[in-house]
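Colleague: The listed protein sequences correspond, in order, to chains A and B. Following the numbering used here, the numbering of the first sequence begins with 816 at its first residue and continues without gaps. Following the numbering used here, the numbering of the second sequence begins with 816 at its first residue and continues without gaps.
The reader is advised that the hints may include incorrect statements.
Intra- or inter-copy, both count: the list cannot distinguish identical chains.
Unchecked claim - Listed below are the simulated DSS-like cross-link pairs for lysine-lysine, each with C-alpha atoms no more than 27 Å apart in a straight line:
| hint | residue 1 | residue 2 |
| --- | --- | --- |
| 1 | LYS957 | LYS1074 |
| 2 | LYS957 | LYS982 |
| 3 | LYS957 | LYS877 |
| 4 | LYS838 | LYS877 |
| 5 | LYS838 | LYS893 |
| 6 | LYS893 | LYS844 |
If you are wondering where the hints come from, they were derived from the structure by calculation, not from laboratory data.
Number of protein chains: 2
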Amino acid sequence: MENLICLTETEVDTFLPNGRLEKTKSLLKQSRQVCPSSFTSDAEWIELLRECNPEVLVAAWKTPSLPENLSEIAPALKYVCYLPGSIRHLVPRSAIEEGLIVTSWGSSVRRTISECALLLALSCMRRVRYWTEQMHFDGGWKTPETQTQSLFERRVGLHGLGLISQKLVDLLKPFTNEISAYSPSVPDSIYQDLGVSRSETLEDLFSTNDVVIELAALTPKTELMITEELLRMIPQGGAFVNVGRGAVVDEAALARVAKDRLDLQIGLDVYGIEPLPLDSPFRGMDNVMLLPHLGGPTTDRRRDAGDHGLENLRRFLANEDLIDPYDLGMYDRAS
Amino acid sequence: MENLICLTETEVDTFLPNGRLEKTKSLLKQSRQVCPSSFTSDAEWIELLRECNPEVLVAAWKTPSLPENLSEIAPALKYVCYLPGSIRHLVPRSAIEEGLIVTSWGSSVRRTISECALLLALSCMRRVRYWTEQMHFDGGWKTPETQTQSLFERRVGLHGLGLISQKLVDLLKPFTNEISAYSPSVPDSIYQDLGVSRSETLEDLFSTNDVVIELAALTPKTELMITEELLRMIPQGGAFVNVGRGAVVDEAALARVAKDRLDLQIGLDVYGIEPLPLDSPFRGMDNVMLLPHLGGPTTDRRRDAGDHGLENLRRFLANEDLIDPYDLGMYDRAS
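With the hints as constraints, model all of the structure from the sequences given.
Modeller: What follows is the structure, given as structure tokens:
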């Protein structure tokens, strides 16, 4: 039995810099470090798995897929510590069914997503999208009629009050105390601890906030939940930001509302179809700010995902409960 | 004697909404409200001043200039409560010499400027300037090589530690504790209270921080103080933000550095010459984010300037010390 660390040099540098690789090895005791680019075929990878029969595999984007007959190839494998986000291409569903423990970067990405939400909210208030085009390509400058807005003392509404939203509340607090959220399943005690008011309905959330930030998880229930009717309820001069999942929003409706209501500012990092299609109506709209799904861990913060993986590795080896291990529901919901 | 409130309807709505006008009138007791656009000539304005001979004048952008022989026209005038920023076009220097008390929005604008600094710093980290062009006009999307950065745990250096910088520290604290500042005249106790480290030199500030934010006041000593040598010291992948005064920076050098060092991101709200000339080398650069001097009070926060004016008015009438009344030095330094 020999544990496996299967990472490229770049993956080591980005997820496990500054002694984290050494810490991983010292936790694992018996381990072999291999580089995915050294395999010339899938068969070679399968052979390595069979030969090492690891209890733990530390993996990232470039790690080759695990085979469907994993329990025959590597019967000792109990835990896959996947450092990035989405495990679907690496781990077959059958392995989760058979009890393989798998973790990913999970909640460690919450602060960069909340930072992206704040950036988009501030950008909407100052109309960064409009001014970038004006200043760079149209020789623009402000006029006495120029309207600008601040986030200070504005009413901010969050759809969803999970870990990312909770972190976002920290970032919003220096600007405003008027924060509300619609998230029926979250108990009152969490609202109270955060100093956030409960919106009883989405209609309430959209009609009484200057800035509405979309952070709800995508489920069959939330898909297309944000309708044209809701979007049109945002008060005059308001903003709508989405850093959660694009498919929660009726994007065709959002594009119509953006076109009709030039008083609204819209900031998007996520889309129903990614990459955003070339003919998306959002491209070119001067009241819609667009980022290419950059909310997740920035290059410099992937080490947070490494720390998260290391903590889970420590817990696994100490027989403690892991943070957010995959179950079949999470597996099926993952993108 | 009749006090004067000389504001347009728009100025009332923007500076004194939600009962603030009524509060102004109740503080002043005897007052007349006039609209600057009702005067058909300067002579009419002078006649009104003579007729009312106010002790207090509440003024804004559209209020006509006060005459050089003010003490003959309105000998009772003791206090001009100017609600916006720069008084040079309204009040002659001689009036300050003769003891007229004048206040402007002063430090009440600090939070929107600090907000603008945070917006530019976050925008530099995620390369908003670049992505705005890519997403809207070039059909762009991220690639596996895309590099992004966060403000979390970054080293931030402030040039200047006045009231705006101090407010900015509040906004930066949720992101990082590694904040330093170069501001020789500010005592250690303020650094300690803020949890900010002192940089002993500008070289130290520029070479040891990932994000350098320019907030120094413009004086003969600070003019062109930020040289090419300093700008080139910013570490790989860093950012330079200016929300203070453009003329503190050698802008020709900044443009050269921006062109040579595409790893640097630059965020500017202020310029040596404003409006920014059409042929400015900054226009079009894809690592330089530009705003048209929007840092000062946003339209929706001009009411903060109204509150500041009201507080000064209350203090004047109660014979208390005013907040930041103009002296000749401030008058001469004002833009």
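Colleague: Run every hint past the structure and note whether it holds.
Modeller: Here is how each hint holds up against the structure:
no., hint, in the structure
1, LYS957 <-> LYS1074, "both (23 Å within a copy, 26 Å between copies)"
2, LYS957 <-> LYS982, "between (34 Å within a copy, 25 Å between copies)"
3, LYS957 <-> LYS877, "between (48 Å within a copy, 18 Å between copies)"
4, LYS838 <-> LYS877, "within (21 Å within a copy, 67 Å between copies)"
5, LYS838 <-> LYS893, "within (20 Å within a copy, 71 Å between copies)"
6, LYS893 <-> LYS844, "within (16 Å within a copy, 81 Å between copies)"
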